[in-house]
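For the record, the sequence lines run as chains E and G. Using the numbering used here, the first residue of the first sequence is number 1101, and each one after it goes up by one. Using the numbering used here, the first residue of the second sequence is number 121, and each one after it goes up by one.
Among the hints, erroneous ones may be present.
[As the list claims (entries may be wrong)] In silico BS3-like pairs for lysine-lysine, Cα to Cα no more than 25 Å straight-line:
1) Lys1205(E) to Lys1157(E)
2) Lys182(G) to Lys1142(E)
3) Lys1171(E) to Lys1122(E)
4) Lys191(G) to Lys1142(E)
5) Lys1205(E) to Lys1142(E)
6) Lys1142(E) to Lys1208(E)
The hints are simulated quantities; they were obtained by calculation from the structure and are not laboratory data. As the structure is a computational prediction, the values presented were derived from the model and not from experiment.
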Amino acid sequence: GENVEQHPSTLSVQEGDSAVIKCTYSDSASNYFPWYKQELGKRPQLIIDIRSNVGEKKDQRIAVTLNKTAKHFSLHITETQPEDSAVYFCAASSGGGSEKLVFGKGTKLTVNP
Amino acid sequence: EAEVAQSPRYKITEKSQAVAFWCDPISGHATLYWYRQILGQGPELLVQFQDESVVDDSQLPKDRFSAERLKGVDSTLKIQPAELGDSAMYLCASSLGTEPANQPQHFGDGTRLSIL
């Protein structure tokens, strides 16, 4: 089955700097890659997603890139703000009727003012 | 904005007792998921419904866990008997479940279960 590895497990940046979180997946059939932000005690919230027919997607300060050949995808946050502090999860889904999301272990991002 | 509703938010019970969680998906969402999230890890799928039918329950410990979505709307997840290792956050999510595949999944606030 699918296996998703996520790095780093913790990331600390200064306000205004950029943050990058990387994920790799094992199943070449995976075709959908969402990113979720989870603040302490709250629900995971979808912040951006990308499908395998696209190499890059951007939404304001957030961007995701996908390299299908290398089977890795990354989340880029620019001009970080303290409210970006949270745990970020990447996930992969192979579709095929199940649409099961397999999540990485998460990255705890801390943005220092 | 419509949200996935879950109850209770917190549940504390003793091992060997029965416990149940309830989820009401976003209106019109055909696909419903139950995930378990252990502290410090990502969510793991327990069971997926398409309308009232189970699509994937390969990771559901069927000797003690059961799930149903009788009318294809709200859903109940039950554990009996509960074990210490079941302590976790139980998250429900829903998606439209229509083409194209892999519609975004929206999560509820979860039920935090503590087994004493």
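Pair hint Lys1171(E) and Lys1122(E), alpha-carbon separation not exceeding 25 Å
Cα-Cα ~11 Å, so holds.
Keeping to a limit of 25 Å between CA atoms, is the pair of Lys1205(E) and Lys1142(E) held or broken?
holds (17 Å)
Decide if the proposed pair is consistent with the structure: Lys1205(E) and Lys1157(E), CA atoms, cutoff 25 Å inclusive.
holds (23 Å)
Hinted pair Lys1142(E) and Lys1208(E), Cα distance within 25 Å:
Roughly 14 Å between the alpha carbons, so the hint for Lys1142(E) and Lys1208(E) holds.
What's the verdict on Lys182(G) and Lys1142(E), does the C-alpha distance respect the 25 Å limit or exceed it?
violated (28 Å)
Hinted pair, alpha-carbon criterion (25 Å max): Lys191(G), Lys1142(E). Please report holds or violated.
violated (28 Å)
Checked against the numbered hints given earlier, the structure breaks hints 2 and 4 and satisfies all the rest.
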